[in-house]
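Spelled out, the chains give:
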Amino acid sequence: MLEITDLTVAYGGVIALDSVTLSVPEGSITAVLGANGAGKTTLVRTISGLVKPRQGSVMLGDHQLVGRSPEAIARLGVGHVPEGHGIVSELTVDENLRLGGLWRRDRADQRVAIDEAYELFPPLRVRRSVSASSLSGGERQMLSIGRAMVARPTALLLDEPSLGLAGALLAQIMQRLSALVVERRLSVLLIEQNARSALSVADQAVVLSLGRVEMSDTAERLAGDDALRHAYLGF
Amino acid sequence: MRLFVIYTLDGITNGMVYAAIALALVMIWRATRIINYAQGAMAMFTTYIALTVIRHGAPYWMGFVVALAAGMVIGAVTERVLVRPVESRPPLNAVILSLGVLILLEAIAPMLFGGQTQSFPVPVSNIDIVVGTTSLPVSPFALFTVGAVLVAMLLLFLVFQRTTLGLRMRAAAFNPEIARLLGIRVGRMLTLGWGLAALLGALAGMLAAPSVYLYPSNMDEVLVFGFTGAIIGGLESPVGAVAGAVGVGLALSYVSGYVGADLAPLGGFVILIVVLMLRPQGLFSFGRQRQV
Ligand SMILES: Nc1ncnc2c1ncn2[C@@H]1O[C@H](COP(=O)(O)OP(=O)(O)OP(=O)(O)O)[C@@H](O)[C@H]1O
Ligand SMILES: [Mg+2]
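Here the protein sequences line up with chains A and B, keeping their order.
Counted from 1, the first sequence has number 1067 at position 63 by my numbering; the numbering is strictly sequential.
Counted from 1, the second sequence has number 200 at position 162 by my numbering; the numbering is strictly sequential.
So here's chain B without its partners, still in its complex pose (with noise of 0.2 Å):
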């Protein structure tokens, strides 16, 4: 009984950074039509970013702050640069364009900042916390790495449902062309929707980074499972992503715990495979046309 509640508090933890990277997709899925497989190495990108800012002298919060800076930064930049031109082209191309930037990015980091595996570090304590004379389960990192990511996708809700910032976002995402009608300048916000999305992908990297650790490649299957999530969810709907990708940290948790620790990465491309071979549109979505 011990075990399950361990491993299911291990799998909603690790669950919740996978559901920042399946929300960063479905973000980024519902502005532009694209699957950001870069999303991973962005994340990657980022944390690097953060360590190197902590390497030099400063607190952890700092080099938190500029990965989430720099990760709206080089969202919003590679859509402005690289994905505007390719928007009204065949989806093809933004495919290996995405594929292009995840290639870069992973031949970039070693060369800037070294290849080697790098730890980094936690803001609070990853030892299990101990009252009186019994652990409990859980950590305070790991709690931190919940709260974050609940805090940020609350705030993200409320700017895209209370604000009318986040409706002009909604009109261009789900209507370009009546939107551009109505006065709003979608392309602003296409790129500032990238720019949140990598914002949310640079706060998973760094959430990843202190048990998956950081090397260039660290944050491949962080973004298999997040897309596996996503892809449960429906891929337009973000509760779904959420609810897919702490489905995914769950599985994966229990396989690692009850089967081998070994066997997990596999079990989420098992689960991915599966689910796109049962429903390619996903499990929470309900076939739900979009209109053009």
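Chain A with its partners taken away, still in its complex shape (with noise of 0.2 Å):
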């Protein structure tokens, strides 16, 4: 369970997040939804420790993760893939896939993971050896995610993952993604711009204007509801 209570940033003097209070219980998915400069992305910068808050706790379990550093908390089980995918570029596909594990003792488990990685992606298993630059936009996407699942997470940032991705592609991810929340009991935060894609995956959403908890809901209530759609998300 991750549990975002009374979240305050600002950068400089403007405010960014707003007492924002969210969780996202065990095994399922919250989409995060919103206009450009909503608030999307410092939110998950800031539960990830890159940013940190004004105000407000962020708990993973028993764990208070304000305060922290993005390594510590990247080693108590939080996966971010970062807004434009964040790959090594320098690094082989491997090497990135690799990374992501690094921290763990266990090395046999390491290795598995990183198979499981390429069977969730196969076309990352056709370039392992390449450097990661020569990746299209899409398998850099999946080269991101695959690398967030190696270190085995209990919680999972993702930031826009739609982003270069095509929609049957995109489709696909998602319902392997689905699978694997059920599967692994992940708490799932999904950052989209594509609010449809991201209802039809999400358990609950939630929506931001201006650093605001807009509304919250489940997502089958808010896609299912033609007037909080038309309300809050414009379609």
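Read the hints as simulated data drawn from the structure, not as lab findings.
Computed from a prediction, not measured in an experiment: that's the story for all the values here.
Virtual Cβ for every residue (Gly too), placed ideally from N, Cα, C.
Just to be clear, a hint being listed does not mean it is correct.
What the hints assert, rightly or not - Chain A is faced by these chain B residues, among others (derived, beta-carbon under 7 Å):
| id | residue |
| --- | --- |
| 1 | T201 |
| 2 | L205 |
| 3 | A209 |
| 4 | F212 |
| 5 | N213 |
| 6 | R218 |
| 7 | L219 |
Starting from the two chains in their separate frames, assemble the complex, guided by the hints.
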């Protein structure tokens, strides 16, 4: 369970998140929707420790994440697929994947986890020893998601994973992701511009607007209610 | 012809010492985007430490090992204590800082070790090898110099390319933010990177000292020549830096042999200025932009 309570973040004097409260139960996906500049990326960067909040708390299970370094938070089981994939383009595909699990003690399981990532994204296996800089946009996204999975996270933060992915492939990835969420009891925070696709896989949905939680409901209700959709998502 | 061979072998030998400095500069540049102008002074300092150990009756090899270890410690401490606080500041802060370390070390050295020029021992003879009645244009110490730098480079290559520690260090240097998100303790990796670079510098210091002698600014020229090699190599490329530095060693050796020994240091500066004017990004770098 990932629980965010009363989280406020400011860049200089500008408030980017204003008392945000939301939770992501185990084995479920919470979609975070909102216009450009709503504060979605700020939210996940704060959870990961890259941005220090002004106030509020982020609990992963029994651990308070606020105040910890990004590397410590990663080691507690938070996987972060950053906006614009964030692969290390100077390294090979395989090296990128290995990086995901290097902090873990269990060497044998790291290899198993890397193999699972290749199974999840077969195009990566073919390109395992080429430089990550030669990957297509979609392949980079696969690499970034696969690399986060290698760490066997308990919480997964996906910042616009659909960027650069073709529709059919996106649907396929989302389907696999949903299966993993149930199987591994993952808490997933899914940021998406494309509300329709996000709502189709999410359990809960939160709409951010100018740093505030505008509304929060089950994904089903939000997707099914025309009035809500029009009001908050504009489709 | 025999002179040409002599100058060439001399050039390669000196060039390998410059290459060790060049590689150290590249390692630090890649890890922290800082040109470590104190690289030579750190090497001078560790060479003094080696000399002190040897003067107290320890064998050369003990001094050798102590100097390498001291280099590792000085590099790591410099990163942790001095560089870390300015890492997020404008690059000029880091430049001033590394110049400050250079001045500081050159000021402390004479207080601790005395300011006069001292000779530094060699582990093997530096007189040309004689086979029968012909003398070969190479000494055992020259062979040792080239061999030691090659072995150090090979070990570093293996650490960086073949170990998970090396993978972590590369990730930390290339993309610190992503590395942190993957649980890598980037700070430790950068500290270690500085330590390894200074270790390589310490090696260069001990290999240079028998010929340039030991005094507080004895590595200034070696630093300029190594820096020139690193710039020719594009500052990003370890292979380029080594090739560039050996090239500088050869050029200086020919200038000093055919034109005049007094002109060699001047030649080094001329090469550096010409390279900086022609290609600020180096000759081996192909404008590969780094993404942040
Ligand atoms: N490093 C920063 N310094 C100052 N302001 C920032 C910084 N990062 C983001 N902001 C501001 O904070 C607000 C929220 O930005 P954020 O990136 O979290 O939005 P977002 O919802 O992810 O947008 P998008 O959909 O475009 O990715 C914006 O007004 C942005 O300009
Ligand atoms: Mg964003």
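Cross-check of the supplied hints:
The interface hint given for B:T201 is broken, as the beta carbon of that residue sits about 11 Å from the closest beta carbon of chain A, more than 7 Å. With a cut of 7 Å, the hint placing B:L205 at the interface with chain A holds, because the nearest CB-to-CB distance is about 6 Å. Because the closest C-beta pair between B:A209 and chain A is about 5 Å apart, less than 7 Å, the hint holds. A least Cβ separation of about 5 Å between B:F212 and chain A falls short of the 7 Å threshold, and the interface hint therefore holds.
At about 5 Å, the closest approach between the beta carbon of B:N213 and any beta carbon in chain A falls short of 7 Å, and the interface hint on this residue holds. Restraint check, B:R218 versus chain A: the minimum CB separation of about 4 Å is within 7 Å; hint holds. A hinted interface residue such as B:L219 counts as satisfied when its beta carbon comes closer than 7 Å to some beta carbon of chain A; here the least separation is about 5 Å, so the hint holds.
Hint 1 from the list above is the single one not met by this structure.
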